[in-house]
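Colleague: The residues making up each chain are set out below.
Protein chains: 4
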Amino acid sequence: MKRFLRRFGRGELPLGRLEAFSDGVFAIIVTLLVLELHVPALGAHADSSGELGRQLVALLPKFLSWLISFVIVCKFWLNHHHIMELASHANYGLIWLNSIFLMFQSLVPFPTGVMGEYPENSLAVSLFGVVMAVNTLIFIVLHAYILKNLLKPEVADEQDPQVIRKSMLGPAFYLLGAGMAWVSPWLAFGLYGITPLFFITPVTREKKPA
Amino acid sequence: MKRFLRRFGRGELPLGRLEAFSDGVFAIIVTLLVLELHVPALGAHADSSGELGRQLVALLPKFLSWLISFVIVCKFWLNHHHIMELASHANYGLIWLNSIFLMFQSLVPFPTGVMGEYPENSLAVSLFGVVMAVNTLIFIVLHAYILKNLLKPEVADEQDPQVIRKSMLGPAFYLLGAGMAWVSPWLAFGLYGITPLFFITPVTREKKPA
Amino acid sequence: MKRFLRRFGRGELPLGRLEAFSDGVFAIIVTLLVLELHVPALGAHADSSGELGRQLVALLPKFLSWLISFVIVCKFWLNHHHIMELASHANYGLIWLNSIFLMFQSLVPFPTGVMGEYPENSLAVSLFGVVMAVNTLIFIVLHAYILKNLLKPEVADEQDPQVIRKSMLGPAFYLLGAGMAWVSPWLAFGLYGITPLFFITPVTREKKPA
Amino acid sequence: MKRFLRRFGRGELPLGRLEAFSDGVFAIIVTLLVLELHVPALGAHADSSGELGRQLVALLPKFLSWLISFVIVCKFWLNHHHIMELASHANYGLIWLNSIFLMFQSLVPFPTGVMGEYPENSLAVSLFGVVMAVNTLIFIVLHAYILKNLLKPEVADEQDPQVIRKSMLGPAFYLLGAGMAWVSPWLAFGLYGITPLFFITPVTREKKPA
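Protein chains in written order, with the numbering used here: chain A, 1 to 210; chain B, 1001 to 1210; chain C, 2001 to 2210; chain D, 3001 to 3210.
In short, the hints are calculated from the structure, not lab data. Keep in mind that the hints are not guaranteed to be accurate.
[Said to hold, decoys possible] Estimated spans, in silico, between C-beta atoms of each pair:
#, chain 1, residue 1, chain 2, residue 2, range
1, D, 3134, B, 1046, 24 to 32 Å
2, A, 152, C, 2100, 39 to 47 Å
3, A, 16, C, 2067, 31 to 39 Å
4, D, 3183, A, 47, 57 to 65 Å
5, D, 3060, B, 1197, 50 to 58 Å
6, D, 3046, B, 1059, 28 to 36 Å
7, B, 1005, C, 2148, 45 to 53 Å
8, D, 3184, C, 2045, 18 to 26 Å
9, D, 3050, A, 58, 22 to 30 Å
10, C, 2035, A, 45, 54 to 62 Å
Every value quoted in this text rests on a predicted model; they were computed, and no experiment measured them. Note that CB positions come from ideal geometry on N, CA and C, so glycine has one too.
Assemble the whole structure, with the sequences as input and the hints as a guide.
Modeller: Pasting the structure below:
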């Protein structure tokens, strides 16, 4: 087991291709999200603006899910960019943690679709929060791994020693939302929408002006 | 609130990854547009060229919608490239304005599909114009933000001071089309098709020969 | 009109972002092709290998269409890379010709799907050839435009002056296939499969050894 | 024939665009995998968490297929990156072998979907193993081609002369799984899940410490 784990410390790869692969996955995820917005079927009322209007209004929960997920994935993209800037290189450990992170990111369209389709189903809305909490946790592990093993010496001083602890607010909020979904799904929607706003700029850059 | 807004002025990121992410989103949008062109269901007439021909003709409004959207997104891509060239770097404000812009870009396949499916439904055709007007407006905000906050000193002289005002023609035309859709959807199609041609090359490069 | 056309000669953009955008589109096209291969519906026979086997065999025309299109798009990608290497920079004319080329490339999954679904329908098989002929013609225009307007001086001597004429073999073969589809669809399949093999390496590199 | 083959030795292209194209394809494949996870149809039970829960449990084989494929494709991505690092440049032979490799990679969502849909159908589970064995074999051919024809002189000493032989374990395991699928599909699932773990870091980097 130890020998298995030791392999991950090996490898000294440039970060460029890791970022290109990750950027590709992020770009596809945000764009695929829109595929959940199906063209409404109007049947015999193809020319009726009223009928189309009603069906577009019925799509509002899907638009809302799409909007929330889009903001969350963009927030991950920005923070991902930020933590990759901290690393001196990529070893196999980073590559695989990053792959696991991307795996859960690529899952995002599924709970987004489920929540958009069933916005008043507690499990559907709860599932969204749980998946986002897991995503954030894996991201925190990735961040901590870089801080511990791959940090560029020149940026070591700028790091907020509390950053990992502060980041835990993210999963806490998503799980709170996942719990609230059982009381009021719409309250959970609200919490999901607000949570990424706290992390809209990378935490560690919050420096006090001199 | 002020403190919240101030965070966006921070960050000094290279533009490369922002462009890579944006290019990925643009590339996926233009390619996803074709997914609205479903293979026709011929049922028992699988071998009938006549039946397939009739169904392909019935797809013409979808082809037309696809064509218009493709040209519009490519036009955005070119102009996006142009304004990114003007920026010295990316701060968080630019990154988030860009994300909001990409969010509305990624929405394009939806109104394209709706308009292609219901080309004689006034609301469907009108929706397309409204979404494009919003997209153009956000792009103009992005452009203005760069001009005001992030302009490279060496290109400052080349900027047309009227560029933002001139760009407003775009949303005006799309909204005009959105209005016309209630009178004649096909006239609106025409206007949507013509509008991007005015912005087919970036406005600010229109320099008078010496 | 002349003034409109003159705008396309302007612009001196680095080729990097044009290639990144094009590579993105190519990558998405080849990967989307597989989406036409739907998981067969086995209904009550979910556990029957025999039934699944029969349905997989029935998918063979789709596999064949996919294979042919994949090779053709990869061939375009390679040749696209080759001609972009010849250009000193990108002006707006190149960018828009390239966008039109990518537009027709992104259309490829549609005729591929139609031909795979209706392999014995003459129009379906013919359509594939026509779309490929148009794609190749646009590519030739792109190539000729670079040779005439944007050729790097250092590679000017290496260009085969007959290259554009030789390239016309491609559209000729695809149109021949499109015609043959009305006699024997399967013969057309064969011709479509063979044609890209003639252009599997860029034509202009065919230099005589000294 | 010989003349045909000789063409592939020609061409001296930078590896950058080949990698960009490949990264794009990899990124799209891993992200498309999730499209097989359809939002369950709850019909009249839209608000029932119990019904949604049951349907999510029924999706478990699809999640498992997705997970296995995701890990396998990421493993290919990492190893692909590794072998591309060994090549001094790309000739047409490498480009076409790479295209064939990407073609079979892009096929992965199909057997993944079939296996996820029919996890107890022996042919479905067997097909997955066969496709993965073919993928691994093509990858080995690509690797061997680079080692023989395009190896950078400076990394020649570091290569394990047994690497190709060792890599054959991969296809052997997948084929073993494909055989086991006829006895017990779930055992095959297990074997598919374990196999990539042996190749989770590139084989040739396994250097003995001095």
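Colleague: Would you mind marking each hint as holding or not holding in the structure?
Modeller: These are the hints, each one checked on the structure:
A hinted range of 24 to 32 Å for the beta carbons of residue 3134 of chain D and residue 1046 of chain B is consistent with their spacing of about 31 Å. Against the hinted window of 39 to 47 Å, the Cβ-Cβ separation of residue 152 of chain A and residue 2100 of chain C comes to about 45 Å, which satisfies the hint. For residue 16 of chain A paired with residue 2067 of chain C, a C-beta distance near 32 Å keeps the hint of 31 to 39 Å intact. The beta-carbon spacing between residue 3183 of chain D and residue 47 of chain A, approximately 59 Å, falls within the hinted interval of 57 to 65 Å.
Taking the beta carbon of each, residue 3060 of chain D and residue 1197 of chain B are about 52 Å apart, inside 50 to 58 Å as hinted. Between residue 3046 of chain D and residue 1059 of chain B the CB atoms are about 33 Å apart, so this pair conforms to the stated range of 28 to 36 Å. The hinted range of 45 to 53 Å is satisfied by residue 1005 of chain B and residue 2148 of chain C, whose Cβ atoms lie roughly 51 Å apart. At roughly 20 Å, the beta carbons of residue 3184 of chain D and residue 2045 of chain C sit within the given window of 18 to 26 Å.
Look at residue 3050 of chain D against residue 58 of chain A: about 24 Å separates their beta carbons, and that is inside 22 to 30 Å. With their beta carbons about 30 Å apart, residue 2035 of chain C and residue 45 of chain A fall outside the hinted range of 54 to 62 Å.
Hint compliance for this structure: hint 10 alone is broken.
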